[in-house]
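J.: Chain by chain, the residues:
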Amino acid sequence: MKLNALVTLASAAVLSAGMAVAEPVKVGMITTLSGGGAGLGVAIRDGFMLALKQSGTTDVEVVVEDDQQKPDVAVQLADKMIQSDKVDILTGIVWSNLAMAVAPAATAQGKIYLSPNAGPSALAGKGCHPYYFNVAWQNDNLHEAAGAYANSAGLKNSFILAPNYPAGHDALAGYKRMYKGDLAGELLTKLGQTDYASELAQIRASGADSVFFFLPGGMGISFLKQYADSGIGLPLVGPAFSFDQDILQAVGDAALGVHNTSQWNKDLDNPANAAFVAAFLAEYGRLPSLYASQGYDTANLLLSAMAKADISDKDAFLAALRAADFDSVRGKFSFGPNQHPIQDIYVRQVVKEGDIYTNKLVGVALEDHSDVYAAECEM
Amino acid sequence: MSFLLLAEQLLNGLQFGVMLFLTAAGLTLVFGVMGLINLAHGSLFMIGAFAAAAVAAASGSFLLAVMASIAAAAAAGVLVEVLVIRRLYARDHLDQVLATFALILIFSEGTRWLFGSFPLFLDIPDYLSGPVTLPGGIDYPLYRLTIIGVGLLVALGLFLLIARTRLGIQIRAGESDREMIAALGVNISRLYTVVFALGAALAGLAGALIGAIQSVQVGMGEPVLILAFVVIVIGGIGSIKGALAGSILVGLTDTLGRALLPGLFGLFMEPADATSIGSALSSMLIYILMAVVLIVRPTGLYGARA
Amino acid sequence: MTRETLFNAVLGLGLFAFPLWAWWAEEPFMITLSTRVVILALAGVGLNLALGLGGLVSLGHAAFFGIGGYAMGILASHAQSYTPLMEFPFVIEGTKSMPVIWLVAVVASALAALVIGALSLRTSGVYFIMITLAFGQMLFYFAISWPAYGGEDGLSIYVRNSFPGLNTLDPIQFFLICYAILGAVLLLSARLAASPFGLALNAARQTSERVETVGIRPYRLRLTVFVISGMITGLAGALFADLNRFVSPSMLSWQTSGEIMVFVILGGVARLFGPVAGALLFILLEHVLGGLSEYWHIYLGLLLLGVVLFARGGVIGTLAGQGGKHG
Numbered sequence: 001m002k003l004n005a006l007v008t009l010a011s012a013a014v015l016s017a018g019m020a021v022a023e024p025v026k027v028g029m030i031t032t033l034s035g036g037g038a039g040l041g042v043a044i045r046d047g048f049m050l051a052l053k054q055s056g057t058t059d060v061e062v063v064v065e066d067d068q069q070k071p072d073v074a075v076q077l078a079d080k081m082i083q084s085d086k087v088d089i090l091t092g093i094v095w096s097n098l099a100m101a102v103a104p105a106a107t108a109q110g111k112i113y114l115s116p117n118a119g120p121s122a123l124a125g126k127g128c129h130p131y132y133f134n135v136a137w138q139n140d141n142l143h144e145a146a147g148a149y150a151n152s153a154g155l156k157n158s159f160i161l162a163p164n165y166p167a168g169h170d171a172l173a174g175y176k177r178m179y180k181g182d183l184a185g186e187l188l189t190k191l192g193q194t195d196y197a198s199e200l201a202q203i204r205a206s207g208a209d210s211v212f213f214f215l216p217g218g219m220g221i222s223f224l225k226q227y228a229d230s231g232i233g234l235p236l237v238g239p240a241f242s243f244d245q246d247i248l249q250a251v252g253d254a255a256l257g258v259h260n261t262s263q264w265n266k267d268l269d270n271p272a273n274a275a276f277v278a279a280f281l282a283e284y285g286r287l288p289s290l291y292a293s294q295g296y297d298t299a300n301l302l303l304s305a306m307a308k309a310d311i312s313d314k315d316a317f318l319a320a321l322r323a324a325d326f327d328s329v330r331g332k333f334s335f336g337p338n339q340h341p342i343q344d345i346y347v348r349q350v351v352k353e354g355d356i357y358t359n360k361l362v363g364v365a366l367e368d369h370s371d372v373y374a375a376e377c378e379m
Numbered sequence: 001m002s003f004l005l006l007a008e009q010l011l012n013g014l015q016f017g018v019m020l021f022l023t024a025a026g027l028t029l030v031f032g033v034m035g036l037i038n039l040a041h042g043s044l045f046m047i048g049a050f051a052a053a054a055v056a057a058a059s060g061s062f063l064l065a066v067m068a069s070i071a072a073a074a075a076a077g078v079l080v081e082v083l084v085i086r087r088l089y090a091r092d093h094l095d096q097v098l099a100t101f102a103l104i105l106i107f108s109e110g111t112r113w114l115f116g117s118f119p120l121f122l123d124i125p126d127y128l129s130g131p132v133t134l135p136g137g138i139d140y141p142l143y144r145l146t147i148i149g150v151g152l153l154v155a156l157g158l159f160l161l162i163a164r165t166r167l168g169i170q171i172r173a174g175e176s177d178r179e180m181i182a183a184l185g186v187n188i189s190r191l192y193t194v195v196f197a198l199g200a201a202l203a204g205l206a207g208a209l210i211g212a213i214q215s216v217q218v219g220m221g222e223p224v225l226i227l228a229f230v231v232i233v234i235g236g237i238g239s240i241k242g243a244l245a246g247s248i249l250v251g252l253t254d255t256l257g258r259a260l261l262p263g264l265f266g267l268f269m270e271p272a273d274a275t276s277i278g279s280a281l282s283s284m285l286i287y288i289l290m291a292v293v294l295i296v297r298p299t300g301l302y303g304a305r306a
Numbered sequence: 001m002t003r004e005t006l007f008n009a010v011l012g013l014g015l016f017a018f019p020l021w022a023w024w025a026e027e028p029f030m031i032t033l034s035t036r037v038v039i040l041a042l043a044g045v046g047l048n049l050a051l052g053l054g055g056l057v058s059l060g061h062a063a064f065f066g067i068g069g070y071a072m073g074i075l076a077s078h079a080q081s082y083t084p085l086m087e088f089p090f091v092i093e094g095t096k097s098m099p100v101i102w103l104v105a106v107v108a109s110a111l112a113a114l115v116i117g118a119l120s121l122r123t124s125g126v127y128f129i130m131i132t133l134a135f136g137q138m139l140f141y142f143a144i145s146w147p148a149y150g151g152e153d154g155l156s157i158y159v160r161n162s163f164p165g166l167n168t169l170d171p172i173q174f175f176l177i178c179y180a181i182l183g184a185v186l187l188l189s190a191r192l193a194a195s196p197f198g199l200a201l202n203a204a205r206q207t208s209e210r211v212e213t214v215g216i217r218p219y220r221l222r223l224t225v226f227v228i229s230g231m232i233t234g235l236a237g238a239l240f241a242d243l244n245r246f247v248s249p250s251m252l253s254w255q256t257s258g259e260i261m262v263f264v265i266l267g268g269v270a271r272l273f274g275p276v277a278g279a280l281l282f283i284l285l286e287h288v289l290g291g292l293s294e295y296w297h298i299y300l301g302l303l304l305l306g307v308v309l310f311a312r313g314g315v316i317g318t319l320a321g322q323g324g325k326h327g
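Residue numbers (the UniProt record's numbering), protein chains in the order written: chain E, 1 to 379; chain G, 1 to 306; chain D, 1 to 327.
Since the hints were made in silico from the structure, they are not lab data.
Built from N, CA and C at the ideal position, the CB exists for glycine as well.
There may be inaccurate statements among the hints.
[Stated by the list, open to error] Chain G is nowhere near these chain D residues, computed Cβ spacing over 10 Å in every case:
| id | residue |
| --- | --- |
| 1 | 4 |
| 2 | 24 |
| 3 | 94 |
| 4 | 97 |
| 5 | 170 |
| 6 | 209 |
| 7 | 210 |
[To be verified] Pulled a few chain D residues facing chain G out of the computed Cβ check, cut under 10 Å:
| id | residue |
| --- | --- |
| 8 | 88 |
| 9 | 90 |
| 10 | 91 |
| 11 | 95 |
| 12 | 119 |
| 13 | 127 |
| 14 | 137 |
| 15 | 138 |
| 16 | 149 |
| 17 | 269 |
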């Protein structure tokens, strides 16, 4: 038996009264645990496991495997989990391209997929599926919110940039969908690029009044540091990914004051969130990130469905998932017709609390926001 | 595009080129003297950056951090040279590729095991941060100018080392005839360890300097490694002069391609298509450059031997 | 060479018997895993022709692997959506038929290998390694930023393509198809090595001047073997995409080139069954070590290092002796 892959959650806690006596649910978690992208997978896994631990359930068995951020490995793991481990539910994938490789095939084989992060447009629109639930956001959402924020902040001439790959194109399209001002320039950078001197020179020369960027992972860290050092000093706007808790410490002062959009923050005022933040800090010794909050919500969604229906009754179980009857750390949370979230998206600002860089809420960018692809979804 | 912007982009290209030279110099030195393909060069770059981040966090001194990066990478270099690399000199390139590929796996996950999965903080010191105004009115980051300066100093230092010192004579002799200098009583094994450590130290220095304006994270070495290989192959493997020329050529090509191509395509295309195609082509540009150089000059610009 | 022949036979039979056992024991994933080994071995056999027989160290074979994969992805996705691939000057429809896809994959890889090979063979040694890498990287960045077929997201195919008379959705039947192809290609590869062409190529690898004096142009020999090598790896790419029902630019990345090369070196360069042994060992390690620790790459690295330093000539070289073929 594998050492860490098979985590059976045993606990002395008694099943709470009123809970349907269920047969155990087997969950396959495919996520990135090695290499440069491991931080995101670790956060999702930790959030997910924390929720299960808190619930004290003995009815969930989780198989965790590392996809190494490679699509073909993710496909192989999904095959293994479906064929060999006989899981009921798959979850965990961080990246859109891996989700596109795994989710359609898994749902076609009758497995439920709960996405804790990636939300490619193909799976929200024509490719939507009754077995596919997105518990995070549709990929465009945070960018749309950034566009809406730019309007409300009175920004009139944005320079926008993102890497040249599908999620980057979606980001620019999402921003432009909401943003009403002019564009001072638009750039597609190389995926994995680390030096932005050339782009910064173009921004400086463009006469823009603000910069919107989507550069996930190390690209964003590099860009922010170089942007701060360039002395351009225009207001920056972006989705939460480059300002996440786990990444901010590496960016430091360069991110201070930047406005970013997110469906969650650690100071969101609701009891579920307060409990989550405290428990996460106690369990892992660090503040939770956006990704951890999504993993945590994913597990709680699953638990809420298990309390209402038995996994062997697929229709009832899917209906229970669709109801999304759980206390989300984001406060309000429900599913739209394409089983993607309808939720508020907030504006946060990067601040320094003591020695820790973190975000504080400063406003709401979009209320009860869904996505534009829902109309194309026929279920 | 205004003349001033073009001038700034040229400066950016030069700066990117010098950054590439810092990472490529050690690689080409090791290949030139020992004939070793070291895929783990990127890992030494990463070790330098992590050591610098750790020391900067503990001491608050950037200078100390840079020195630590050199020391740590050199120490790691000596360690792998003695334990592993030494056994590979007599082997063919394939064994070297596989062994150093294995070293990448060990270094990357070892670093993650030591430092965790999240990126580390390493910043430019206050006295080097912010832009300065150059003649002509270009605002240019002081730190990037510093990198240009350090890179050119390293290049000068290497030229002097190879042309003027006893070690340099041995290195040159080693490049042309290994058996002979061993027969002449030079401790070849020690020479190799010293050269490998020197190459590692250069990679570590580059890691610290570049890490300060990029992301210090596991896996940061691999893209650098590929670029460094492109550079030394264009320049001619083993030649420091070639590495410098190759770096600057690649730096200028890449920077100007990114700056000019989308606009160029915009002259006869829809803006959206122009951005997309121009960006796609600019990301392929350095590889096209490399292929063209090798087709015209099969041993690179300054390469003597195949 | 009897020990090597014996070892090859055991390996070949074992790779056949294990999935049959898994089929009997109703462990479909073990069949999938074996299919993966067979397909990656096929890619390795392709590279081994260039590497072992021709002495051409190509770090760009992911290009052919990916071209094969995209041949499958593009044809099948058009068939899936009932849109023709091309309407002008004549209509080309997509297809879900494996033999047609294989043919397209092989022809497309051959053309690519002809162009890449013709240009790259002007160089040699490390320069050859790097110029093949450069061509691979060009295709990789092209695929990432080419929106028509999914860019970095890649292309998903919902149902595996069909083969006349067989049900390819059944893992064991798909395995048998791949196994049969690997067997045929191994046979071809053995015949090729023993043919006058193979002997001339071998001679050209060792001393180029000697074959030139008897009037053979090494450039042509090398280009031919490079094209054949690319065709086989392209075919493997088409099968790999069908196994995963998915193709993405990661098949074109330099890491993929590196991994295919690792299979070959791990198993034993220029050994007929080297890539088979290498792919088997690599997948086995990945599968076993992956569950041991989050930091399993460290163990993988240490094991690979051990093989290079202490098991010269790869697995087959060590087990079957006669390491003289190597180095």
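J.: At a threshold of 10 Å, is the proposed contact between residue 90 (chain D) and chain G supported by beta-carbon distances?
T.: Violated - the Cβ of residue 90 (chain D) stays beyond 10 Å from chain G, reaching only about 26 Å at its closest.
J.: Answer holds if the nearest beta-carbon of chain G is closer than 10 Å to that of residue 149 (chain D); otherwise answer violated.
T.: Hint on residue 149 (chain D): violated, closest Cβ of chain G at ~13 Å, above 10 Å.
J.: Determine whether the non-interface label on residue 210 (chain D) survives the test: each CB of chain G must be over 10 Å from its CB.
T.: holds (18 Å)
J.: Next item in the hint list is residue 138 (chain D). Is there a CB on chain G closer than 10 Å to its CB?
T.: Constraint on residue 138 (chain D) satisfied, holds at 5 Å.
J.: Under 10 Å is the threshold here; is the Cβ of residue 88 (chain D) close enough to any Cβ of chain G for the hint to stand?
T.: With Cβ-Cβ at 20 Å, over 10 Å, it is violated.
J.: Regarding the hint that residue 91 (chain D) lies at the interface with chain G, is the smallest CB-CB distance below 10 Å?
T.: violated (26 Å)
J.: Could you let me know if the closest chain G CB is still more than 10 Å away from the CB of residue 4 (chain D)?
T.: Holds, because the least Cβ-Cβ distance between residue 4 (chain D) and chain G comes to about 19 Å, which exceeds 10 Å.
J.: Is the interface hint satisfied for residue 127 (chain D)? The criterion is a beta-carbon contact with chain G at less than 10 Å.
T.: With Cβ-Cβ at 6 Å, under 10 Å, it holds.
J.: Taking the closest pair, is the beta carbon of residue 170 (chain D) still more than 10 Å from chain G?
T.: holds (36 Å)
J.: Quick one, is the residue 95 (chain D) hint okay against chain G at 10 Å, beta carbons?
T.: violated (28 Å)
J.: Does residue 137 (chain D) pass the interface hint, meaning its C-beta sits closer than 10 Å to a C-beta of chain G?
T.: Holds. Min distance 5 Å.
J.: Determine whether the non-interface label on residue 97 (chain D) survives the test: each CB of chain G must be over 10 Å from its CB.
T.: The claim stands: residue 97 (chain D) keeps its Cβ more than 10 Å from every Cβ of chain G (closest is about 32 Å).
Checked against the numbered hints listed earlier, the structure breaks hints 8, 9, 10, 11 and 16; every other hint is satisfied.
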